[in-house]
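**Q** The primary structure of each chain is shown beneath.
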Amino acid sequence: MAERKTNRRRELGLFWMRVLGFGIIAAVTLGYATYVLTPKHDYGICSMVNFYEQPENSIDVLTVGTSLAYAGVNTNVLWSEYGIAAYNLCSAEQPYWVSYYVIREALKTQKPKVILLDAKPSIYTRDYTKRGRTVLSTYGIRGVENRIGAMVACVETPADALGYILGLPQVHSNYETVTARDFAIPLDNGGRGSSWKGYIEVDEVEQHRKPSLVWNGMQRNMNEREEEYARKIFELCAEAGVNVMLVGFPNPDYASDHMYYNALWTVAREYGVDGINYNNPDLKFGLRYSSDFADWQHLNVKGSMKFSKKLGEDLLKLYDLEDRRGDEAYGSYEICAQKWYEKYPSFVSSGIEKEEGNHAD
Amino acid sequence: MSILSFEFLLFIAVIFCVYYVLPTGVRWLALLIGSAFFVFLSGWQSVLHLGAIVLGTWLGGLALERVKRKRGLLCLLLILEFGALILVKQDTSRAAPLGLSYFTFQSAGLLMDVYRGKVKAQRNVWKVMLFVGYFLQLSQGPISSWKDLGEQLLEGHPLRPVSFVSGFQLMLWGYFKKMVLADRLAAATAVLTQETGALPGWMAAGGVLLYTVRLYADFSGGMDVVRGISRMLGIELPENFRRPFFALSVAEYWRRWHITLGGWFRQYLLYPLTISKMGLKFGKAASRWLGKKTGRAMPTAVTTFLVFLLIGIWHTFSWNAVIYGAYFGLLMAASILLDPLWKKMNRRWKLGQKRWMYPWRLVRTWLLIFPAQFFAFTESTAQSLAVIRQCFAGWSFSGAVDKLTGIMSAKEWGIAGMAFVILMLVDILCEAGFAPCERLAKSRIWVRWPILLLLLLGICVFGIYGPAGDSSAFLYTQF
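Residue numbers (my numbering), protein chains in the order written: chain A, 1 to 361; chain B, 1 to 479.
Next comes chain B alone, as it looks inside the complex (with noise of 0.2 Å):
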């Protein structure tokens, strides 16, 4: 079941009545059998896979904190998950169960906690089958440890006006961006990818930036519907996308978008593996060779590395992502070691407070993420260098209006544009801490409904939907 379907919608409405009309102490049990349903109606694949993964969570914490060999013990159970993860994943001639990796690495997270004595292992089996499936971040994510997640949907939530509209808002903003813009870009790049040889150089450029808005509007439009409706049940979801247009560094941008998959590498890979015997021992033995300073950063930076490395291939098994993510993790580790050298340039010309530096250092991070995108833009090498060469091959205007219209009408432009300088204008105000969202949910009604009639009645009438556009997959749904 899609979450722009309007059975999901009809299922969410049926999820709220029940939840809010039990008691307060079973409430997760509407949870629970929702999110079983919904994992049964997308195929037995799913209800097989994550049976499984729940089964060897729910056990394999309890004998986690029995177990005398404890570490022996969790890197069994994580190569069991990650191997049938990346079996699964390898297997392209079949659909991969719903949600595949993120409950792989939310039920692994747990595993960690419970070696690590953060958190205790659950004994009941439900609580844990609810955690790991929960519904609503099935389709993609977020990532979600238990103390953020686990605990937040065992307790029953009480109604609260505020928190209900609030999450409205957020679910019809992600309806927005999802439908509105992403759906509408979906065919527009698809034309470009298909035909890249044939394109002019700034059209060959612009299709890989309309599909990175596009990648943002769809990912993060997803993001906000579950977010919105998890906020109506009284569950608060992890953010995801923290406005990554805005970023002023690599590292940055990493921060804000995805926050939850680098959350996860950062707190279950990178940290353990930098602060490990061997890390250590790796740091020592290279500040004999490099300086004590750049020394030490260097299991950080390697370690960076690494995890951009997987990252790149979690995406997919193929060159493209690991280029994707050794672009980064090359980037990212320069940074680290580079750093120091960054300081002091900034101490000396007190470049910080420096007023040109903030569109410089927006632009300068935008030239450094667009490479990549061209790799995430393409299905594979050849046809991302193909259209890397086109973006240089000749950049003639003449029959441009022509060209794109014959992509996408002048009209569908038009609302695609409109729908993006909305998306911009509500991220810079977010930015600008404003929290659009929040003061919408507070304002008065005659303020509130005109808005939100304005976007539902947006969605409905510009959104992709219906037996005239269908609505695409969410892109990351397949991860």
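Isolated chain A, as found in the complex (with noise of 0.2 Å):
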């Protein structure tokens, strides 16, 4: 009797340990799954993922918000003109709700002197996040606190954050995507490589009009939720001590945005924040309507670059920014900017390729 019970324990041990090892086993390969049919797009996850390749407190100039960020602030001019060693960790449309937690994540290994807080979320109207954009904007975040923060934020219910945290129920419909760069560890930016700052290119050329508005201080109420992430954001940094600079970037379609702008303006001054929107008329600095926007939003390459010199300017005056050219340190900095300048005349929007073919001609 006393025998058929040890052998009937020894039975379930090894039972329960069989069961514990393929669950592991499961669990890994799962894991991996998600990994690999992740998209890894440039525009949000690429951008996260890259920045915990930048050593620690190596990022003065830390750029936060959507695509307009993103496409708008060229972090090569920035080094090339000024040596302002600054990274985008943009997503499309992202929210203050996704900005509060990729800040808290960012001042985990960074302390930048000046945090760029685009202020194109304050027109957004949703309570949440569209489905794909809460993938970009989520999955390269890799503190586990900061990622679940992120994710619940972004869903209209705790409970449909499960899938966003488990990743495969939102992600294992890409397999049609999916091509060998996808398999490889760590993720490859696209071919871009660590030294990669997190700007994105937008090139295309599209004529549009300097948008018509009258300049005044009329508001009108934010989303209840992006107002309170911006309070939260402001709250955050000033704990860190790290400043933050309000930036409008400049778009054709601003017209429609600038109530909402003001309304940002002012909750941020609340908390002696201030900042530049570049929207403004009386701030000329070259911008051309007609040329240098790739769409009705986006700064396109030649757009970013005129954009980015006035940037550098007004953040030299505004801020104890030294320039870090020719500090070893910041060498990745360097790569990136040559790298980019070598490519810069292949670029639709550059022109340059276009005039040396009518050259040729």
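Treat the hints as calculated values from the structure; they're not laboratory data. Warning: the hint list may mix true and false statements.
Said to hold, decoys possible - Simulated pairs of lysine-lysine, BS3-like, Cα-Cα distance not exceeding 30 Å:
no. : chain 1 : residue 1 : chain 2 : residue 2
1   : B       : Lys442    : A       : Lys5
2   : B       : Lys354    : B       : Lys343
3   : B       : Lys411    : A       : Lys130
4   : B       : Lys277    : B       : Lys147
5   : B       : Lys284    : B       : Lys70
As the list claims (entries may be wrong) - A short, non-exhaustive set of chain A residues, derived as facing chain B with CB atoms under 7 Å:
no. : residue
6   : Thr29
7   : Leu30
8   : Ala33
9   : Leu168
10  : Tyr175
11  : Glu176
A virtual CB, placed ideally from N, CA and C, is assigned to each residue, including glycine.
Each chain sits in its own coordinate frame; assemble them with the hints.
**A** Next up, the structure:
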């Protein structure tokens, strides 16, 4: 009888060991499948993943925000013109609740002199984030608390976050677009390398007109959740002793955004935060609406260069930023800028190759 | 709570923990509380309806053992139960309570067993509740008798590693069939149903074939999931599907397809009617007119026809369902009446021993079954007839690839095709007596684990779930 009991115990012990072993192998397999199937686009996940490759405290200007920000702040221009060490940690249509968790995550390893906060989310009216955008905005965050926090903040009900937390329910259907590069560890940034600083070119040329608006102080209330998280961002940065500068990126569709931006500025001033709205018609820095935009919102490559030159000037005036050029610790910025300037003539919106072609004719 | 949801898997994990932690004598309480919770989550209509059925079955069973007019009481109870079922089902504006007809049939079966003295009436109402409302069979059956299931549920089962592993495999296999194959075909069949008028003949016929495959993968997949989970708890639910694609006759098809429903009708309706006084009288009268052999078979043929008509109507109250049931009823009745002739031919030409008879019987069976699928595929008779007409309209294959990829991408067709081939291979192995599930459960881990991991990965990657492609509900849940 006692022997039978011992055998039974041994059998069950072995069984549970095997269950545990199988569970671990299954979790690792499914985890890797999630990694492979996660879209690795530049506009979101990639800049966050690459952020962890940056040496500690090596970023002086951190840009957080939407696609307007990653297409507008040309980190290569800031570096080559002023020696500013800047990194763009942005994702398409990033709401403030994602920005908040992104900043929390970023402050773990970096203490930038200033965070450039995109003003665009002040116009968003949704209380939650679109599905595809949630994946892009959150899947690059490694810190569990910030990743889950961002996911929960993005969805309508906390239960909806489960699919994002598990990963596969959200990304499994991407098998049709998987390529051999998706299997590689670490992630290869779409061939940009770890020196890349998060600037993403939108290389089109679309003709637009300067927005016609009356530059006044009229306001329209922001979405409550956007305001709540904007306040959280200001409080977080104040606690961390990091400056925040609001940036209104120039865009041809600005007229409808103006009153929301005013509301955001009012909220920001409560925390002693200010910024520059580059849609202000008084600010003239050579931007042409007829050739410097890729579409109705985004600056193209040429536009980003003009804008970033002006931004760099303003940053130097407002903040005590060091010229990091020549510092070996910042070598990756030099590499990134060099590579980019070599590539620059091939961009359609630079107009260079086309001109050369015309000359050859 | 859908059995395809993550919440359900968490719920099951909790049930497992509680079930195996409790002393064996009270393990059924874990199932009872789990079932109550499951029903509660599915809405107040389910709670109300199931509660009434449980009370009726419990009190009715006790009364059946005591009263003198047992038959009258049984008839009253059955009229009440089936009356409620009909009333709820005919109101299509509201969703029927979860598992309505499954628990109604099960409780009616219990009452009839008590009436016949096959089982004793259960004195404990909670035990009746567990038998009638066991949560794993509420989604789409199977329909079990007290002897098959009731006693198993109340018995506390010790954890048996081989059964647990075998159940886990069966559950994964069920999810694979449902999520990878059935739900992938659901999108295709939905498109084909909507566009029947504009389709070439081969696509209309193909749509019906796809629907048949989908229905099998959907229904049997769901069955495998619940049977697998039950087996992990030590409870063996009856088989509901036994590879129906390999049936060699229509009668055999119905012994392989929705086995427990057919079994219920046979046990509680067909046999009692056939051997009832009325049935015997009818047999005698028919013998006088049609001869001894045919006359004797007449009561069985007529009741078989009635049973299939009822099976058809059980699906929905529609003309399609009536035609579906009547068609199979006629086929089955004809096969009963012509049975002596078949036997005679068989004896004379020794057809049973001929090799070519196997594929012929297989093809013949499907040629007979296929027309009925047109009435299952569509929602109205006019639509069914339109699809049938379309099948004869034109078989132009020009632009076939574009038409198919317009419904689903080539990769999706490829995945569906692979899943179907795997399904058929497993079915062929089962048919050949190889018992792959049992063998795999007993095999070494370096054989078993890679196969299970592949299956798990296949479900998680190629399954239709999550926001990109919601799993459709089980086709048989609504019944």
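**Q** All the hints need checking, so say for each whether the structure fits it.
**A** Hints and how they fare:
1. For the given pair, lysine 442 of chain B sits about 22 Å from lysine 5 of chain A by alpha-carbon distance, which is consistent with the 30 Å threshold.
2. Our distance criterion of 30 Å between C-alpha atoms is met by lysine 354 of chain B and lysine 343 of chain B, whose separation comes to about 15 Å.
3. About 27 Å separates the Cα atoms of lysine 411 of chain B and lysine 130 of chain A, which keeps this hinted pair within 30 Å; it holds.
4. For the hint linking lysine 277 of chain B to lysine 147 of chain B, the alpha-carbon distance of about 27 Å falls within 30 Å, and the restraint holds.
5. Proximity of lysine 284 of chain B to lysine 70 of chain B is assessed by CA-CA distance (about 28 Å); at most 30 Å being required, the pair is judged to hold.
6. Because the closest C-beta pair between threonine 29 of chain A and chain B is about 6 Å apart, less than 7 Å, the hint holds.
7. At about 6 Å, the closest approach between the beta carbon of leucine 30 of chain A and any beta carbon in chain B falls short of 7 Å, and the interface hint on this residue holds.
8. Hint status for alanine 33 of chain A: holds, given a least beta-carbon distance of 6 Å to chain B, under 7 Å.
9. For leucine 168 of chain A, the interface hint holds, since its Cβ comes within 7 Å of a Cβ in chain B; the closest pair sits about 5 Å apart.
10. With a cut of 7 Å, the hint placing tyrosine 175 of chain A at the interface with chain B holds, because the nearest CB-to-CB distance is about 6 Å.
11. The criterion of a C-beta within 7 Å of any C-beta in chain B is met by glutamate 176 of chain A, whose closest approach is roughly 5 Å, and the hint holds.
Going down the numbered hints, you'll see the structure goes against none, and every one checks out.
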